[in-house]
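All residue numbers for the sequence shown refer to my numbering, where the first residue is 4 and numbers rise by one.
Worth flagging that the hints you see were computed from the coordinates, not collected in a lab. Treat the hints loosely; a few may be bogus.
Claimed, not checked - Ranges between beta-carbon positions, derived for each pair:
no.	residue 1	residue 2	range
1	Ser118	Gly29	37 to 47 Å
2	Gln16	Val105	32 to 42 Å
3	Glu49	Gly19	17 to 27 Å
Unchecked claim - Lysine-lysine pairs mimicking DSSO-like chemistry, simulated, CA-CA at most 30 Å apart:
no.	residue 1	residue 2
4	Lys46	Lys67
5	Lys110	Lys78
6	Lys67	Lys110
7	Lys110	Lys46
Where a beta carbon is used, it is the ideal one built from N, C-alpha and C, also for glycine.
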Amino acid sequence: QVQLVESGGGLVQPGGSLRLSCAASGFTFSIFTMGWYRQAPEKQRELVAHIFRDGTTNYADSVKGRFAISRDNAKNTVYLQMNSLKPDDTAVYYCNAGFIGVNYWGKGTLVTVSS
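Full structure from sequences and hints, please.
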């Protein structure tokens, strides 16, 4: 059974940091492209960052220089380090695993950036 379980969300003040984790199981983690997406209230889901099987990364322009995605294939886990958080980063963050037309999603973790 495929599972993607996100954790690490919460309430943080502007300028603060959070680290999200996504624990994966039920598929061959190391060959999948892993990604983080987010969906703010009344907005469409958008890509935050991807990390490919070879470790190559890409980021949305809005988070470049502030967020960092990484993966640990030994632990079947992908991370998103979020620094210098802004109120506009408030959203539900979803973990995604993709490989040749197969897509798996987690249930999401809420990040709220507010003073």
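Could you tell me which of the hints above the structure violates, numbers in ascending order?
-> none
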